[in-house]
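Residue numbers for the sequence shown follow the working numbering, so the first one is 6 and each next one is one higher.
No lab work stands behind these hints, which were simulated from the structure alone.
Note that the coordinates shown come from a computational prediction; the quantities given were computed from them, not determined experimentally.
One thing to keep in mind: the hints can contain errors.
Said to hold, decoys possible - Pairs of lysine-lysine, DSSO-like flavour, derived with a Cα cap of 30 Å:
(1) K493 / K256
(2) K135 / K493
(3) K304 / K124
(4) K136 / K124
(5) K216 / K80
(6) K304 / K432
(7) K131 / K152
(8) K546 / K432
(9) K80 / K493
(10) K537 / K526
(11) K534 / K211
(12) K175 / K60
(13) K493 / K227
(14) K476 / K216
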Amino acid sequence: MNNRLTILLIIIQITFPELIFCQIEKNKIKKTNLTIEDYRKHAMTHNGNPALGEKIFTGKRALCSQCHTVDGSNKLAGPDLSAAGDKFSRSDLIISVLDPSSNIMTGYSLVTITTKDNKILSGIVKKSSKKELIIAGAGNTLQKINKERIKDQSTSKVSMMPTNLHSLLKKNEFTNLIAYLEKLKNKDTQSLNEIGSPLEIQQIPKPISIKLFFGKDLDLEKPVWFGEHPSRPGMFFILEKSRAKISLIRKTPNGRVIKKTFVEIPNEVYVTNDEGLLSLAFHPDFINNRKYYFMHEVKNGVRRGMVIGEREANKNLLIDSGKPTRKVLEFEVATQFHHGGGIEFGPDGYLYIGVGDGGPQEDPHGHAQDLTSFSGKILRIDVNNYKDGNSYRIPNDNPFIKHSHLKVRHEIFAYGLRQPWRFSFDKKNGDLWVGDVGQNRFEEISIVRSGENHGWNVFEGFELFSTKFMKPQEEEQYISPVVSFRRKHGVSITGGYVLYSNPNQNKSFDGVYICADFQSKRIWGIKQKNRKLEMIREIGKCPDQVVAFGRDLSGGIYAVGYGKGNIFKLNFNESIFE
Numbered sequence: 006m007n008n009r010l011t012i013l014l015i016i017i018q019i020t021f022p023e024l025i026f027c028q029i030e031k032n033k034i035k036k037t038n039l040t041i042e043d044y045r046k047h048a049m050t051h052n053g054n055p056a057l058g059e060k061i062f063t064g065k066r067a068l069c070s071q072c073h074t075v076d077g078s079n080k081l082a083g084p085d086l087s088a089a090g091d092k093f094s095r096s097d098l099i100i101s102v103l104d105p106s107s108n109i110m111t112g113y114s115l116v117t118i119t120t121k122d123n124k125i126l127s128g129i130v131k132k133s134s135k136k137e138l139i140i141a142g143a144g145n146t147l148q149k150i151n152k153e154r155i156k157d158q159s160t161s162k163v164s165m166m167p168t169n170l171h172s173l174l175k176k177n178e179f180t181n182l183i184a185y186l187e188k189l190k191n192k193d194t195q196s197l198n199e200i201g202s203p204l205e206i207q208q209i210p211k212p213i214s215i216k217l218f219f220g221k222d223l224d225l226e227k228p229v230w231f232g233e234h235p236s237r238p239g240m241f242f243i244l245e246k247s248r249a250k251i252s253l254i255r256k257t258p259n260g261r262v263i264k265k266t267f268v269e270i271p272n273e274v275y276v277t278n279d280e281g282l283l284s285l286a287f288h289p290d291f292i293n294n295r296k297y298y299f300m301h302e303v304k305n306g307v308r309r310g311m312v313i314g315e316r317e318a319n320k321n322l323l324i325d326s327g328k329p330t331r332k333v334l335e336f337e338v339a340t341q342f343h344h345g346g347g348i349e350f351g352p353d354g355y356l357y358i359g360v361g362d363g364g365p366q367e368d369p370h371g372h373a374q375d376l377t378s379f380s381g382k383i384l385r386i387d388v389n390n391y392k393d394g395n396s397y398r399i400p401n402d403n404p405f406i407k408h409s410h411l412k413v414r415h416e417i418f419a420y421g422l423r424q425p426w427r428f429s430f431d432k433k434n435g436d437l438w439v440g441d442v443g444q445n446r447f448e449e450i451s452i453v454r455s456g457e458n459h460g461w462n463v464f465e466g467f468e469l470f471s472t473k474f475m476k477p478q479e480e481e482q483y484i485s486p487v488v489s490f491r492r493k494h495g496v497s498i499t500g501g502y503v504l505y506s507n508p509n510q511n512k513s514f515d516g517v518y519i520c521a522d523f524q525s526k527r528i529w530g531i532k533q534k535n536r537k538l539e540m541i542r543e544i545g546k547c548p549d550q551v552v553a554f555g556r557d558l559s560g561g562i563y564a565v566g567y568g569k570g571n572i573f574k575l576n577f578n579e580s581i582f583e
């Protein structure tokens, strides 16, 4: 989330926005009286000159290059923009500059720190260890802060980029800047695995049908999970991240939609742009024991953490019992993003938990390769057979339970993951499919097995990313993904499900794994054999950002639209996967 929210231009101010405008004032730049709509219309109806736009980007008026690289190095405070034209449409680029707070890229929110001697420091988190925090200001000015000095730490919902940056430019200059950003794309270089990282992805002749199932009348705010009630056909659970709320929704025979609150736990959940109530899983015996599980962030002072909670439904299974949450698992995370988000019960009855690397960007501390940390892992625990004094049991066949290192976490099932936002099990063979959100160049779909190292941050996709935490080949085997999507295809992968026969599906889709990209809204189908890609096709495009997929009791598939709060039903009956 996985990463899932984007801004393209950030101008960092160390503490106050006025610092940037001091430089603007010195340059004696006059602001225009044009409206935002004037700029938008001009940029949408004129091509612009990329060469002149580059001069705006690197010049002293906009100051873009103080915080952004365009060479893939990502060495400044703001995100690297070398693939901006691959990641985003022209319309998205325009919105990101005109309304920078509308979507702030994960990992680049302004963090404000108040020290115990009441000093205020602000910037982007670049590194976070147990002892110190390193934040970056304009021009990548680094500040080291001892964590013992921190009294409070907060994340702003407002972008660090000045909201009126466009007003310093003429309409044609703004359009030129957009044209330059649109031209920034990754080169289609040969991959180490051309089959698994295709240059082009063909579309099926007739795209699948994607129809609105639940719409705006439900007033959903940032939905992130959707699925049918385990024992009530036609009734669906939906989870709203920022409201920390789970609701039951259904349609009456006359088409009226009814939404009722199942449970709200805002006092337990810490909510920011990237944080909140993330996922839901029902116990395999939910109908009898009424237990369900969820994952969310918490914050205690300056300490951030993740919680796996357990609650019980009422006897009628239509509302929460009101009993307090039982904390199954709680652990600390380094920053405000990349916490994972997926939880699922496996065919073995154990609870699997997807945990991200915890940030900062590029995992500078190597959390994903560290077996003493939960970060960058898939965990596997038993929530049924725990003893008094414990909240869960570690299965005896977990891969690292007999590891010689005393601090290795025995809960770990697999490691080397960056941000496993959504994952699922193949209901026929038990394969664990994971959608792992990428860093700079690739998005990954992997089949994950016990004890495996899936490479991050040594590898991104099939390509070498860093040697800092790399181990000799004779000591470590790095498992490659089934598919590695290039930036021109997508920027934030959303894992889905393996399809099998149901009334809304052509038989050609049997065994096809469905996934999507959050930003481009493209939906893909994947066929593999022995974890090697055999066929991949673009099968459709969702009207909204696909943050998750849902499934009903008959195997029907739904897409959860994050931006507009809509739910869509996917129909595979009139299309052929070929």
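Now the hints, each set against the structure:
no., hint, in the structure
1, K493 / K256, "violated (39 Å)"
2, K135 / K493, "violated (37 Å)"
3, K304 / K124, "holds (21 Å)"
4, K136 / K124, "holds (19 Å)"
5, K216 / K80, "violated (43 Å)"
6, K304 / K432, "violated (36 Å)"
7, K131 / K152, "holds (14 Å)"
8, K546 / K432, "holds (25 Å)"
9, K80 / K493, "holds (22 Å)"
10, K537 / K526, "holds (25 Å)"
11, K534 / K211, "holds (25 Å)"
12, K175 / K60, "holds (14 Å)"
13, K493 / K227, "holds (26 Å)"
14, K476 / K216, "violated (48 Å)"
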